[in-house]
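Participant: If you read the protein sequences in the order shown, they are chains X and W.
Take the first sequence: its position 31, counting from 1, is numbered 31 in UniProt numbering, and each next residue is one higher.
Take the second sequence: its position 349, counting from 1, is numbered 349 in UniProt numbering, and each next residue is one higher.
No lab work stands behind these hints: they were computed from the structure.
Remember, predicted model here, so these are calculated numbers, not experimental data.
Careful, some of the hints might be misleading.
Cut-off 35 Å, straight-line C-alpha distance, at most; resulting in silico cross-link-like pairs (DSBU-like, lysine-lysine) [as the list claims (entries may be wrong)]:
(1) K89(X) to K49(X)
(2) K37(X) to K116(W)
(3) K212(W) to K200(W)
(4) K269(W) to K203(W)
(5) K212(W) to K269(W)
(6) K43(X) to K89(X)
(7) K60(X) to K116(W)
(8) K116(W) to K89(X)
(9) K200(W) to K269(W)
(10) K232(W) to K203(W)
(11) K43(X) to K116(W)
(12) K43(X) to K60(X)
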Amino acid sequence: MAAAAAPASSSSSPGWDFTCNFEVDYGSEEHASIVYKTLAVDKELQPDKVRREMTVSGGKLLVRFEAVEARFLRASFSAFVDLMVLITKLVEEYGVSKEEHS
Amino acid sequence: MASSSPPASSRPPGPFALGLESSANKIGIGVVSISGQILSNPRHTYITPPGHGFLPRETAQHHLVHLLPLLRAALAEADASPADLACICYTMGPGIGGPLQVAAASARALSLLWGKPLVAVNHCVAHIEMGRAVTGAVDPVVLYVSGGNTQVIAYSEGRYRIFGETIDIAVGNCLDRFARILELSNDPSPGYNIEQLAKKGEKFIDLPYVVKGMDVSFSGILSFIEAAAIEKLENNECTPADLCYSLQETLFAMLVEITERAMAHCDSKDVLIVGGVGCNERLQEMMRIMCSERGGRLFATDDRYCIDNGAMIAYTGLLAYAHGVITPLEDSTFTQRFRTDEVHAIWREKEVPVLNNMDSDTVAEVSIDGVSVPTPIAVDS
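One chain only, chain W, in its complex shape:
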């Protein structure tokens, strides 16, 4: 029975959720309200020396060290106590096993200590929901690009469907590994440093362009540019900046192409970019040009929300919790493979009355009107 006086500041109405994210080289803990307001969202990144990637064991060690300080900071900054929380949310996957376990086990312990239910969250879906909440995009085609994932996604009938994806490595992995060849700094991230260097590039070097239907492939491009870089730099045929510029232009053109094709499929004009590579301004610029040519809009966020964070897990977990989803303790495992379309996005089905407003109604009506009979030409020929 709280007779404690509420703070004078405008505190959003409850319930709140705590979210723990540790699927890759960042560990983040966030507190959010059901209205989507982020009360706190501290995070810490495991940064390796130039030329080196992050390994599972060392990354997990980093997360073990930073979890408790981040948890204290998240609760203090949000001015929230455990009693204010409706649920404890954590990333179930996809991600790297060792690092994932840190948030999963900690979430279990906090759930038992505080008597709060657990909600296991799909990392990819969390990126999408965070992007929608921050930008206000209602039903966009989503390009999810990060160090571990590359997918073009659109919502349909209860699930986020994958329209196209990488058939080997993620676009961020391609960029990160090329940054290692050039021994660029991993601080704040290898992709950021490639982006800065690419701005100084002048000469475009032809690279393989690998789009296969709705899918893309990056590993061959990486092998090609790794070999080309060593040779061309030795012979002074180009600069590291030229290589970064050429790599970005090629990779991003591929992503814009499959995104545009998905838009045509879905008859959608809006694009939302999420994931760590999504804060690349050149990618945003190229996508914005394509969207404007189609009379659509680009929705993107900056590094606070694009890059893995705890608030996105808390917010998505809270959406699920508000629709009756909880994860029993014995099922609160983690998994390295967890596809975006495995999740039943129950909150999307019911969100029109629950969360959203006129906008989604109007859009829904427009699309119903817009359903046209396919042209008969397509039938038999």
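If we strip away everything but chain X, and leave its shape as in the complex, we get:
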């Protein structure tokens, strides 16, 4: 697993000035999609303040956060990453990747 984060400063749409993009490389479309499906069930609690978008591509989970204030971005991002780390550990412990079999 490899992660890359790119905090960007501004301007996809007005008001949502605080953004953060990062990706986690699971090296397996199946594993990335399990993490995606697990984390997609819980919506952001304040959709008027923080938005989260996730996609799966090429064995990677791509996540984008947008918020109206830095503190909302920090809180949502940090809670999300903490949970994602546990889910990733579960996938690493119990996941049997199809790629590994071929």
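Fit chain W to the known structure of chain X by using the hints.
Facilitator: Same frame as chain X, but now just chain W:
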């Protein structure tokens, strides 16, 4: 196709269920069989320093750290592999949001990884089913008392109905917060330490006694005793033990009163106490006296089953699963508010043929015979 030799030990017949519980400051994972046998039930409690309660964020962090080690322990101790499991059960609510999410999200991931269906479980109903399974109580009036809940419950027509409840804080919350005033240890639990100290109490201090019909209220009593404690301890008018003793006696008398009233309502003689406060032996003793005066029985369990645990979630989830209930992934959320009577206890309706034996038949017949025409006096006056 398993040609693996089954272990020599007596292994209960499948299916098994895995249960994940993390609604408050404990995280527990259990494996149970449909017969109600508990194969494993490890748990870990987040214990804060004296004088402090547990906060949502820190508690969730604790659960995140302990989930995987507990999961490994639960599977190893049960000698179960994912293939042995029929379903993955988790606490949907009620509880604290952050902590609840840990079990909910983990259950989803395991369900996807292992290809097993999810079953979302109501925490309160799980306490009741665990208590019934462990004690053998068939159709008792249930007193559910914990740090977050205080309810008097009885089963009727497919649901666990709430006959009475707290209108503000839970009885366990009242005890826990008073323990903070006295700076008692939170290890193993503040309530346990209050109970031990109360045994040394000699002087009863009058406290407000707040029963409103079938409901109770504890927040005013807490405010009163918080103020009284500071003043009386300063003036050496009483000891911390006296305060613990007086608080317990008052709170538990209120609980016994509303439980007794529910018994009269339901024409039931048996009481089951569940929830974390349910392992308090003084509460059990007071309730036992009341039950014996009415010719009934008290059913209670010890801290292994009273206190939040994974097995109760697994067992209740498995009951629902055996009756065709599963939770689709997109609905596998969690919720802080989830009332006991929102759950359709489908297994109770069909349990006579499926799970239980003569006992429930006889009891059912007795109660049918016992249905009497209400006395005409009550009609118009």
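Participant: So, for every hint listed, does it hold in this structure?
Facilitator: Hints, verified against the model:
Restraint check for K89(X) and K49(X): the C-alpha separation of about 29 Å stays at or below 35 Å, so the hint holds. Simply put, K37(X) and K116(W) have alpha-carbon atoms about 15 Å apart, close enough for the 35 Å limit, and the pair holds. Between K212(W) and K200(W) the alpha-carbon distance is near 31 Å, which keeps this suggested pair within the 35 Å criterion. Our distance criterion of 35 Å between C-alpha atoms is met by K269(W) and K203(W), whose separation comes to about 33 Å.
At roughly 23 Å between alpha-carbon atoms, K212(W) and K269(W) fall within 35 Å of each other, so this suggested pair holds. For the given pair, K43(X) sits about 22 Å from K89(X) by alpha-carbon distance, which is consistent with the 35 Å threshold. Restraint check: the Cα-Cα separation between K60(X) and K116(W) comes to about 24 Å, which is no more than 35 Å; the hinted pair holds. Taking the CA atoms of K116(W) and K89(X), the gap is near 19 Å; set against the 35 Å cutoff, the hint holds.
A hinted pair counts as satisfied when its Cα atoms are at most 35 Å apart, and K200(W) with K269(W) qualifies at roughly 32 Å. With a C-alpha separation of about 12 Å, the suggested pair K232(W) and K203(W) falls inside the 35 Å cut-off, and the hint holds. For the suggested pair K43(X) and K116(W), the alpha carbons sit about 23 Å apart, so the restraint of at most 35 Å is met. Distance restraint check for K43(X) and K60(X): the Cα-Cα separation of roughly 20 Å lies within the 35 Å cut-off, and the hinted pair is therefore satisfied.
The earlier numbered hints are all upheld by this structure, with none contradicted.
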